[in-house]
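Participant: Okay, here's what each chain looks like letter by letter:
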Amino acid sequence: MISQFFILSSKGDPLIYKDFRGDCGGRDIPELFYRKLMGLPGGESPVVMHHDDRHFIHIRHSGLYLVATTSENVSPFSLLELLSRLATLLGDYCGSLSEGTISRNVALVYELLDEVLDYGYVQTTSTEMLRNFIQTEPVVSKPFSLFDLSSVGLFGAETQQSKVAPSSAASRPVLSSRSDQSQKNEVFLDVVERLSVLIASNGSLLKVDVQGEIRLKSFLPNGSEMRIGLTEEFCVGKSELRGYGPGIRVDEVSFHSSVNLDEFESHRILRLQPPQGELTVMRYQLSDDLSSPLPFRLFPTVQWDRGSGRLQIYLKLRCDLPPKSQALNIRLHLPLPRGVVSLSQELSSPDQKAELGEGALRWDLPRVQGGSLLSGLFQMDVPGLQGPASHGSSTSAPPLGLGPASLSFELPRHTCSGLQVRFLRLSFRPCGNANPHKWVRHLSHSDAYVIRI
Amino acid sequence: MPYLGSEDVVKELKKALCNPHVQADRLRYRNVIQRVIRMSKLDQWGQAEVLNFLLRYQPRSEEELFDILNLLDSFLKSSSPGVVMGATKLFLILAKKFPHVQTDVLVRVKGPLLAACSSESRELCFAALCHVRQILHSLPGHFSSHYKKFFCSYSEPHYIKLQKVEVLCELVNDENVQQVLEELRGYCMDVSADFAQAAIFAIGGIAKTYTDQCVQILTELLGLRQEHITTVVVQTFRDLVWLCPQCTEAVCQALPGCEENIQDNEGKQALIWLLGVHGERIPNAPYVLEDFVENVKSETFPAVKMELLAALMRLFLSRPAECQDMLGRLLYYCIEEEKDMAVRDRGLFYYRLLLVGIDEVKKVLCSPKSDPSLGLLEDQTERPVNSWASDFNTLVPVYGKAHWALISKCQKAEHHGPLLPPKTSFATSGHLVSEENKEGVQEPSDSEALMLVPNLQLTAEYFEKTWLSLEVAHQQVLPWQGEVHPDTLQMALQVVNIQTIAMSRAGAQPWKAYLSAQDETGCLFLTELLLEPENSEMQVSVKLSEARTERLHSFFSVLETVIGTIGDIKS
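Line by line, the protein sequences give chains A and B. Residue numbering for the first sequence follows the UniProt record's numbering, beginning at 1 and increasing consecutively. Residue numbering for the second sequence follows the UniProt record's numbering, beginning at 1 and increasing consecutively.
There may be inaccurate statements among the hints.
[What the hints assert, rightly or not] Here are the simulated DSSO-like pairs of lysine-lysine, each with C-alpha atoms no more than 30 angstroms apart in a straight line:
#, chain 1, residue 1, chain 2, residue 2
1, A, LYS238, B, LYS148
2, A, LYS316, B, LYS149
3, A, LYS18, B, LYS409
4, B, LYS412, A, LYS36
5, B, LYS149, A, LYS238
6, B, LYS412, A, LYS18
[Unchecked claim] Coverage of chain B stretches by chain A, computed from C-beta distances (three or more under 8 angstroms per stretch; other residues unrestricted):
#, region
7, 74 to 84
8, 144 to 155
9, 185 to 194
10, 389 to 402
None of these hints come from the bench; they were simulated from the model. All C-beta atoms, glycine included, are put in the ideal place defined by N, C-alpha and C.
Isolated chain A (complex conformation):
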């Protein structure tokens, strides 16, 4: 039960403000919140703050602050869930959630808030029910145009166009224009995995954790039933065994409440009637037992001389993906000891880049093919280099401040757990349009891939 809700931009400008109960404060509350947030000491958590009889609880989403105030001792989980759901809902209705879309669709946002919350109590957040009440149309920035496509085919040849979803399709407002029936019916299914890995300095694997989600964004009209088929050999828990061979295993799995699990046990098929908008169909976790090898391995060699302050780091990065796959947008971030003066580098291929910034080395590799080995040699001068006491001047223990290397990357068309969507079938839909387009994509990206030196 909340008293006020407001949205601030990343700089603290109030974009939306709504007071539900009128019991505390006025329009200066957003400013007060922002000042308090900025003035908070480092160790204190900003998630829930207290001022004057009011609790402020907020989330950050796409750079915006979504804040709710309450004067009661409510459940933090419910409130945070409400704020996330509001963020998703606003994203569905306005296309995407950003300062621009919110400021263009202020009337729609207020209408939504009116319907979702009554006197501070949640009425409903289901897009189905809300659809009947919302009258305002969303304002989109510019209509989708063919020239946006980066791979337009020539002479009518079948091109990438039909195989690649237009980049703006996912950011269209979901529930727009009832009148515009010519919009394509599309459904996007994403299997997204986040990989967290911790590798010790001797190369042993300390921790590996995969958090996966199957997300659905549906532009289809209501009433269509959908069947999603997953890999049949996928087992849940440590003791289950299906098929022959090691199979694909996850530790735990949880589903959205609207998913029908009748055929899950037997054929690993999920059935649901998705509402328009975004939905997380399934969430799963896997730790410590990855069947495929880790995508990257780093072999660092560090030589440093305390007397002259010279530091030489030789990094070898090996990609252990299958040869046909590739990794994109790899960035290696290596914190360096304080006071680095100069950097000289030798990189193994021309499209890589390395630079020094904010006390750390950033090595960018736009694309790495599976099975390849890349290296980079970095030499720098660090006056006042310090480190653990050692015998002799050159040592193998790293100097102080040479932090753990962190990698960030994306692995398109690859899931670390091995889970794949076999098929996505739609049953008959009432409005009988042309075949809806189904876009299925598998993606893994790094959450915190840390390699200790």
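Chain A is fixed; fit chain B onto it per the hints.
Facilitator: Same frame as chain A, now just chain B:
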């Protein structure tokens, strides 16, 4: 009333919880509750609200309790974290007499909590971590096998990392201590000084049980010669030798050399204390202390100087030859040149003590060097789940107990804050400042034996004159708690027709009030209320214009009731 999915649900709930006829009939009540729980059309918000309402329900028998728990079982597997946590809290509260059921529920909620701790949403992660800490207070081994989930990653915000470090400190056991210590040791060399210091304190916390390994790690950290690391390590050592005397030897060997790297106040105090108490085992202790004595003139913190005095005296007892000269110089400085009076007094005290004789000095200064029993007191003994079950899934664990206590104190003050414009008036001894009477509506209510006249208009001058001319007829002390809220008291007194002539404003020390009342025979009752700064009792003095003891007692009982009620509301 929140909209819970349909009118039926609302009706049913209203029936169950508000209709006394239903509540009186157990069977009907139970049926209604069961119907509510079975409502399948509720969305996650409805479910969370229902779970909240059910907290007020008291099952009448054990089978009913288990019936309800079975029905609510599916809520524990919901995909919405709010519903899962709400169901957990309900289970914990309903099953307060069955600790094994509570433990079972906490085992089942482990999965969702751990999933929330690794969620993409940082805020959800933080709330989950706070609840994990709460659970660890009662079941320390609960998450021990999942310690890897609480390793910090470099991109997390500071507040999450601090929480994770605390959790790691609390879930240590024999199997995971090696890995956890390795991980914490990595954090100690983090770029951020705050985080590194938090990690070192955490190692200190673990050291109470796994002393040897931790002392070894801390000694290695000293070797890095980093200022922010060294000062915290020395402070940790100081706490450790007090609680675990067995590590004193190892600590004493590690100390020499670290005095070069300590510049801050806390670190210096810790180092000086260690050198004083265990100086005989540290070869160069007198020379380090001599350095401090040389620089005492430029030392800004009096606490450091006091510590230095105490330490040097102690060291003098065990190594007199080396310390005599500098002790003399230090005492001379403290007595003659020091400006801070506390330090000077301490110096004088030690000087006089020395004059009395060395035996006296030994008697005073040879205090115990360690007190392991303090460790047992400090350790949070496992608290039963029931002590925090009602705080689960609320904002209390997210703020932390200390912060929450602060907030609730402020909130209480606010609620009784002046709804009417505040009256500022003082009542100092012997001098009255007059105050307008409130023109509030007076409810004529009479006490049993005493009929006080309403709308008494007594001027302040008349009150003062009469007050000074009468003797105190009755004086009594009534228990009181906390602050006085003058407006509340004034209104309450008016209800029983006691007029307030003057009242100190809230928070004045000491707080005084002067009241007057008149009964139907014209007898005046003049009262003084006095609240001492300790706020634990209120002194009431009553003066009568006519000597009528029985009236006095009735009047006093009325007054006592009012004051007692006001005190109860707030405490």
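Participant: A separate judgement is required for each hint: does it hold in the structure or not?
Facilitator: Consistency of the hints with the structure:
Between A:LYS238 and B:LYS148 the alpha-carbon distance is near 18 angstroms, which keeps this suggested pair within the 30 angstroms criterion. Note on A:LYS316 and B:LYS149: the hinted pairing holds, with a Cα-Cα distance of about 28 angstroms set against a maximum of 30 angstroms. Between the alpha carbons of A:LYS18 and B:LYS409 the distance comes to roughly 29 angstroms, so the proposed pair stays at or under 30 angstroms and holds. At most 30 angstroms may separate the alpha-carbon atoms for a hinted pair to count; B:LYS412 and A:LYS36 meet this at roughly 22 angstroms.
Under the criterion of a C-alpha separation no larger than 30 angstroms, the hint pairing B:LYS149 with A:LYS238 is consistent with the structure, at around 18 angstroms. Note on B:LYS412 and A:LYS18: the hinted pairing holds, with a Cα-Cα distance of about 27 angstroms set against a maximum of 30 angstroms. Coverage of the region 74 to 84 of chain B by chain A holds. Counting CB-CB distances below 8 angstroms, 7 residues qualify, and the rule asks for three or more. Given a C-beta distance limit of less than 8 angstroms, the hint that chain A covers the region 144 to 155 of chain B holds, as 6 residues qualify and 3 suffice.
Restraint check on the region 185 to 194 of chain B versus chain A: 5 residues with Cβ-Cβ distances below 8 angstroms, three needed, restraint holds. Counting residues of the region 389 to 402 of chain B whose beta carbon lies closer than 8 angstroms to any beta carbon of chain A gives 6, which reaches the threshold of three, so the coverage claim holds.
Figure legend: structure checked against the earlier numbered hints; every hint is met.
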